[in-house]
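Undergrad: What follows is the residue order along each chain.
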Amino acid sequence: MKEAHKQTSKFVDNDILRYFYGEMPEEEKNAFEQALMHDKNLRKSYKELTFTLGMLPAEETAFQSPEPEILNNILAFSKVSVQATAQIHAEENTIEDKLIKIRKYTPRPIIVGMAILFSAIVNFSGYSQYKQATNKKVKHEALEWENLDNAEIQKIHRDITVLKEHRGGILPADSAVYEVVTHDESTTIVLP
Amino acid sequence: MQLWSDSALVKAYQEGNEQAFAILLQKHQKHVYNVILMIVKDKFIAEDIFQDTFMKVITLIQSKQYQDEGKFSHWLIRIAYNLAVDYFRKVKKNTTITDSEGEILSQENRFVEEQEADTSILQTENEHIVAELLKRLPSEQREVVVLRHYADMSFKEIAEMTNCSINTILGRMRYALMNLRKMLTQQEFKTLN
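Those sequence lines, one after another, are chains A and B.
With this note's numbering applied, the first sequence covers 75 to 266.
With this note's numbering applied, the second sequence covers 17 to 209.
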């Protein structure tokens, strides 16, 4: 009895609502139920509040619906949105395909490594040795111009210029040299 | 018929299934619309905000910005609530409601006096009356009743959404019920006379 009084004293009207909507932890819920049995005032408040809660109308009565026209507008927007998203995804896939192609034609690390090594040799021994090396066609990489982006093409052109300028001379230390057989197989270029 | 969870419907919709969204809309339209209506109290404005809410929802789902972390319905209601409150704030800032004689009217009815409620009113007869009386509650109280009783949000969730303490929300709910009971008593008194 003493325990019940102790529990009762801590519950207020707000707790009745928490109890009603099942938002009380199990232990507190048990204590509340005990308090309800022993506290007349709490019981009175509980009856009053739950009576009114019981009077609240069913959802169908209390709630209205928006006009069908509004729902149709939303569904139409949804349709357009789904189509737009599908189109964006399709475009993303195309871009992804192109990226794969470019990657496919990009020199592999081993070739780049060989190019660096070759560059060092050329740098060390001069153009005559470079010429000798290229004649042996130690490195080949098929590149298709249309799969290269502008920056790459510009770089290739720049390196061709570098190569031309250094014919008969020594290539600069920062140029890696390796031979690329392009579409028409007529251009020998230098890629850094 | 297979019943799909909201999460499954959202996923299907993200994958391009339009029908999944139609089901979501059908399922949640009443809650969302009535939460908005309770706040703005105007059918046409509520419909505009309702439309904006779902367009925002479509955009967020399609752009994969929706994170499946809690209940979809609560996320939906939060969006609707924020749009409605934004609108309500803007209007409140710009307009003053007056009666026919030019006197400024308070937007909220206050019920201060306590009265004993007569419990003899039949519930079936009162459903429509209570639904009407609900509309006369102060907006903050009405909002809590709708969110807790109909939209099934916990008091804690409502407190977080409205930036209030949980005790404030519980207090509003309690006052809403007290006011409803008082109005019912007055209504019954009028009917008897």
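No lab work stands behind these hints: they were computed from the structure.
Errors might be hidden in some of the hints.
[As the list claims (entries may be wrong)] Below 25 Å or equal to it, Euclidean Cα-Cα: the simulated DSS-like pairs (lysine-lysine) are:
| # | chain 1 | residue 1 | chain 2 | residue 2 |
| --- | --- | --- | --- | --- |
| 1 | A | 103 | A | 153 |
| 2 | B | 46 | B | 59 |
| 3 | A | 118 | A | 84 |
| 4 | B | 87 | B | 106 |
| 5 | B | 198 | A | 114 |
| 6 | B | 43 | B | 57 |
| 7 | A | 153 | B | 106 |
| 8 | A | 153 | B | 198 |
| 9 | A | 153 | B | 80 |
| 10 | A | 84 | B | 172 |
| 11 | A | 103 | A | 84 |
| 12 | B | 43 | B | 80 |
| 13 | B | 72 | B | 59 |
| 14 | B | 46 | A | 153 |
| 15 | A | 103 | B | 172 |
| 16 | B | 43 | B | 172 |
| 17 | B | 151 | B | 198 |
| 18 | B | 27 | B | 80 |
| 19 | A | 121 | B | 46 |
| 20 | B | 87 | B | 172 |
| 21 | A | 84 | A | 114 |
| 22 | B | 106 | B | 59 |
| 23 | B | 172 | B | 151 |
| 24 | B | 172 | A | 121 |
| 25 | A | 121 | A | 103 |
| 26 | B | 151 | B | 106 |
| 27 | B | 43 | B | 59 |
| 28 | B | 57 | B | 27 |
| 29 | B | 46 | B | 151 |
| 30 | B | 27 | B | 72 |
| 31 | B | 72 | B | 46 |
| 32 | B | 46 | B | 172 |
| 33 | B | 198 | A | 118 |
| 34 | A | 121 | B | 151 |
| 35 | A | 153 | B | 172 |
| 36 | A | 114 | A | 103 |
Undergrad: Take the hints in turn and mark each one as holding or not.
TA: Evaluation of the provided hints:
1. A:103 / A:153: Roughly 48 Å between the alpha carbons, so the hint for residue 103 (chain A) and residue 153 (chain A) is violated.
2. B:46 / B:59: Status holds; Cα separation ~13 Å.
3. A:118 / A:84: holds, 16 Å
4. B:87 / B:106: violated, 29 Å
5. B:198 / A:114: Answer holds: residue 198 (chain B) to residue 114 (chain A) is near 22 Å, not above 25 Å.
6. B:43 / B:57: Holds, because 22 Å separates the two Cα atoms, which is no more than 25 Å.
7. A:153 / B:106: violated, 31 Å
8. A:153 / B:198: The given pair, whose Cα atoms are some 48 Å apart, is violated under the 25 Å limit.
9. A:153 / B:80: Status holds; Cα separation ~16 Å.
10. A:84 / B:172: Roughly 20 Å separates the two Cα atoms, so the pair holds.
11. A:103 / A:84: holds, 13 Å
12. B:43 / B:80: Measuring from Cα to Cα gives roughly 21 Å; hence the hint holds.
13. B:72 / B:59: The hint holds at about 20 Å.
14. B:46 / A:153: Distance of about 21 Å is within 25 Å: holds.
15. A:103 / B:172: holds, 17 Å
16. B:43 / B:172: Holds - the C-alpha atoms of residue 172 (chain B) and residue 43 (chain B) are around 24 Å apart, at most 25 Å.
17. B:151 / B:198: holds, 14 Å
18. B:27 / B:80: At roughly 10 Å apart (the allowed maximum being 25 Å), residue 80 (chain B) and residue 27 (chain B) satisfy the hint.
19. A:121 / B:46: violated, 30 Å
20. B:87 / B:172: holds, 14 Å
21. A:84 / A:114: holds, 14 Å
22. B:106 / B:59: holds, 17 Å
23. B:172 / B:151: At roughly 24 Å apart (the allowed maximum being 25 Å), residue 151 (chain B) and residue 172 (chain B) satisfy the hint.
24. B:172 / A:121: Distance of about 24 Å is within 25 Å: holds.
25. A:121 / A:103: Distance of about 17 Å is within 25 Å: holds.
26. B:151 / B:106: holds, 21 Å
27. B:43 / B:59: holds, 20 Å
28. B:57 / B:27: With a Cα-Cα distance of about 34 Å, the restraint between residue 57 (chain B) and residue 27 (chain B) is violated, given a limit of 25 Å.
29. B:46 / B:151: holds, 16 Å
30. B:27 / B:72: holds, 17 Å
31. B:72 / B:46: holds, 17 Å
32. B:46 / B:172: This hinted pair holds, its Cα atoms lying about 23 Å apart.
33. B:198 / A:118: The given pair, whose Cα atoms are some 16 Å apart, holds under the 25 Å limit.
34. A:121 / B:151: At roughly 24 Å apart (the allowed maximum being 25 Å), residue 151 (chain B) and residue 121 (chain A) satisfy the hint.
35. A:153 / B:172: Not satisfied, since the Cα-Cα distance of roughly 36 Å exceeds 25 Å.
36. A:114 / A:103: holds, 18 Å
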